[in-house]
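Chains as they are written, first to last, in the numbering used here: chain A, 1 to 81; chain B, 82 to 313.
No lab work stands behind these hints: they were computed from the structure. All C-beta atoms, glycine included, are put in the ideal place defined by N, C-alpha and C. Fair warning: there could be bad hints in the mix.
To be verified - Calculated Cβ distances over 12 Å to all of chain B for the following chain A residues:
1) K4
2) K12
3) L30
4) V35
5) N70
6) I78
Stated by the list, open to error - Here are a few chain B residues that face chain A, going by a calculated C-beta distance under 7 Å:
7) R103
8) V182
9) L189
10) K190
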Amino acid sequence: MTMKARVTVTLKNGVLDPQGKAIEGALKSLAIEGVNSVRQGKVFDVELDTIDKSRAESVLKDACEKLLANTVIENYRIEVA
Amino acid sequence: MKAAVLLFPGLNREGDVVRALRQAGADASIVWHADHELPAGTDLVVVPGGFSYGDYLRCGAIAARANIMDAVRKHAAGGGLVLGICNGFQILCESGLLPGVLMRNRDLKFVCKMQHLRVERNDTVFSHRYGKGQIIKVCIAHGEGNYVADQPTVERLEGEGLVAFRYTDADGNIGGAANPNGSINDIAGIYSANRRVLGMMPHPEDLIDQLVGGTDGRGLFESLAQFEKIAA
Chain A
1 MTMKARVTVT LKNGVLDPQG KAIEGALKSL AIEGVNSVRQ GKVFDVELDT IDKSRAESVL
61 KDACEKLLAN TVIENYRIEV A
Chain B
82 MKAAVLLFPG LNREGDVVRA LRQAGADASI VWHADHELPA GTDLVVVPGG FSYGDYLRCG
142 AIAARANIMD AVRKHAAGGG LVLGICNGFQ ILCESGLLPG VLMRNRDLKF VCKMQHLRVE
202 RNDTVFSHRY GKGQIIKVCI AHGEGNYVAD QPTVERLEGE GLVAFRYTDA DGNIGGAANP
262 NGSINDIAGI YSANRRVLGM MPHPEDLIDQ LVGGTDGRGL FESLAQFEKI AA
């Protein structure tokens with residue numbers, strides 16, 4: 001009676017991402033070509049004790065708003081399997 | 082002046098904050114994060130620096146959701162004084178007591194050094210023992226001190242005089258290499274709209290003894306110890 005979900009948190013457009021920039025530079029130094037830019041985010045794999053998809057989505061939305069994302073600078077995306 | 086210094090797992094600056102408050106004549110005690118209430122008669126809550134919860138998720142994010150923070154929000158809503166230093170500033174931003182967020186430093190380095198600041202105004206409970214525009218030498222030690230807020234918020238902070246301190250060089254010059262972390266408008270600390278909540282990245286509590294490099298941090302704690310001089 002569980003279901004799995006994935007929450008992806010990314011920086012909003014326009015928010016400077018120094019870590020992404022550093023990774024971008026490192027890829028260039030490895031001669032990996034064709035990479036225009038890199039933005040770093042976070043992935044949370046969550047197991048829920050429900051099989052109700054809309055219930056799962058509302059729990060995760062609450063989790064994102066209260067903790068997983070700082071909505072001043074970050075967007076989140078919820079995918080329920 | 083009765084001060085409550087909060088302690089979360091991973092903070093490490095609480096002892097120095099208590100020492101600085103007591104040196105200035107304040108009564109200071111440490112309050113554990115899992116408590117639900119502040120001690121009766123608390124005038125000031127200090128959230129000190131360190132690495133609460135190992136900086137997991139985002140700096141200050143987990144501490145900002147601790148039990149005691151509901152009491153701190155209530156205290157602030159009633160006009161009570163709150164000071165957040167370094168990780169404490171990050172916790173105040175994450176808890177919604179101050180706007181904006183502290184991002185990774187511009188150069189991705191943890192910066193640990195002496196740092197000069199300009200005192201932007203000296204008519205607040207936190208700053209009345211300084212001169213207006215005075216350049217003080219304190220220190221910084223952070224990896225995520227790059228203050229960011231959206232444009233309307235920055236305009237409001239500037240327009241309402243809510244920038245408390247700006248980074249400068251030793252001569253008081255602002256900008257360029259004087260800004261250690263890329264903070265917008267060289268912001269080192271900000272006030273809430275009523276100027277009763279202050280968040281700052283630098284550590285005034287480290288500069289209270291000539292033995293360790295200076296005493297410019299004392300002014301902030303002496304201001305707080307005599308907070309009644311500034312009308313609420």
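Verification of the hints:
1. K4: A:K4 clear of chain B: closest Cβ-Cβ about 20 Å, beyond 12 Å.
2. K12: Its Cβ does come within 12 Å of chain B, the nearest being 10 Å, so this is violated.
3. L30: holds (18 Å)
4. V35: Per Cβ check, A:V35 is outside 12 Å of chain B; nearest 19 Å; holds.
5. N70: The claim is violated: A:N70 sits with its nearest Cβ about 6 Å from chain B, within 12 Å.
6. I78: holds (17 Å)
7. R103: violated (35 Å)
8. V182: holds (5 Å)
9. L189: With a closest approach of 5 Å, the B:L189 hint holds.
10. K190: Since chain A brings no Cβ nearer than about 10 Å to B:K190, farther than 7 Å, the hint is violated.
Of the numbered hints stated above, those contradicted by the structure are hints 2, 5, 7 and 10, listed in ascending order.
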